[in-house]
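Protein chains in written order, with this note's numbering: chain V, 7 to 53; chain L, 15 to 242; chain F, 1429 to 1667.
Source of the hints: derived by calculation from the structure; they are not laboratory data.
To give an idea of the interface, some chain L residues facing chain F are shown, with a C-beta separation under 8 Å as derived from the structure: (1) Arg177; (2) Phe224; (3) Val227; (4) Gly231; (5) Ser238.
Listing some non-contacts, in silico: residues in chain F with all C-beta distances to chain V over 12 Å: (6) Trp1542; (7) Leu1567; (8) Pro1590; (9) Trp1598; (10) Lys1614; (11) Ala1659; (12) Asn1663.
We put the beta carbon where it would ideally sit given N, CA and C, even for glycine.
Okay, here's what each chain looks like letter by letter:
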Amino acid sequence: MIGLRDAGYVVASYAVTFVGIALYTWNLLRRARKAAQQVPPEDRPWT
Amino acid sequence: MLSVWAISRLVAGKDLRVEWRSRIVTNQVVPFAALMMVMFAFALDSDTVLKRVAPGLVWLAAMFSLLVIVQRAFAVETADGALDALRVAGVRGAGIFLGKAMSLAAQLAVLELILLGAAIVLYDTQLVGSGVTLLICTYLTATAGLAFIGTLYGGLAAGARGRETLLPLLMLPVAAPVLIGATRATEAALGTQGATTGDGWPWIGLLLLFAVVFGAGGSLAFGSLIDE
Amino acid sequence: MNGSSTSTRFTRALGVATILGLGWLAAFGLLISPDDVVQGSYARLLYIHVPSAWLAYLAFGVTGLASAGYLWPRTRNLNWDRIAGASAEVGVVFMAITLVSGSLWGKVTWGTYWTWDARLTTTAFLFVTYIGYLAVRDLGGSHEQRARRSGVVALLAVLEVPLVHFSVKWWRPLHQSETIERGGLKGLMLFSFFVGMVTFTLLYVWLVMHRQRLIALNDIVDDRGLDRALAERRNEAAS
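Work out the full structure: start from the sequences and follow the hints.
See below:
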């Protein structure tokens, strides 16, 4: 497994990266959902 | 239609005349800069350290003072909508940019000389004969670069409320190469830490490149930045 | 499909692929990867730190290109501006992640959280510069004004970055991080590294597509509000 000396740093690094991705993605999708509610599908430029 | 050069001379003249009459820079910014130099001494608390870092402190104080001078330079315009009036009249952006930059450079140059004097008095900085040319070149190129980015980002950050606070955030990262280059070249000119003038000239090259890049870039971009 | 989201079939497929890739990275990096004394931890951090940095740089590159795309008269289109803005926000997020994960990598590899080398310092400057870019986008005004202003700021940032990089490089030549032993990765480790690069690229595309659509939706809502206000004003004038 992970060498004891560096375990903390490796886990912290993965945590920061994955949690960061998760938080940003969740926040983005939430904002997007709110905005999409105000614009009907016919008016959206990509559909 | 007036040439870019003629416009810039007119704009620079106007700005300098406004400053001459109001004396804001001399009465407010210079004391601020001198105060900064004193406060650096409070913070650093060691004559040897101060003497060694004096070049850096001079340029730091210059950069922070620049923020104030730039905001002043554009506050003058936005108060009466003068900038908009110039643009509506069809005046070329590059002319306004160069004019304001020249005025800014002149004020900055005076400020920097005063700061150098303060360093000589407060930090025991000593000028070295062999380094004088390098020192002058440093001042000229660094001042030009700072004036260009000050005018550029000042134009962007001028106007509507809530924008002035944007100026430091936009300008200081861009000014970093000037801070590094001017400080290293000044250290070389003064012989700090055993640096020789030979170490300083490459930095002049960088400062010159910086000034050219932002002088040209600013001339092209300024017009569209101040169009509202 | 779903009435209230910015998803399409393509983004869902992309999303699934990305999640699979991220899952593999987590599993491999934290559990499966061989723990050899010389480069065990270093390699584990490599799987996510380098792709994260790559994503951030890619994002800023795209912002620069998209800004140029908008400012160039022949290709002027607000879609470029939206891509530029979306990409910049994603870039800032990943730059922050990169700086933190890189700082931890530095602690493991060199023993310090920070060092004043050209790459790291320029990265930090890039981060701050793009925060400024995002602030400029929020200055208000029409979409065209926003596009023009932020486009210019982005292009100036592109000019600034090499200048910062070289001045720091000359300033501290002794701290070259390129002198670090970079042993070659082999086999499954190399494979995972590539999985990381591909996954993060897919993640970038997915995030920018959603973010860009969000900007488009907000712009439409803004325009509608403006149209309504104008129509009301006209009615007032007519009556």
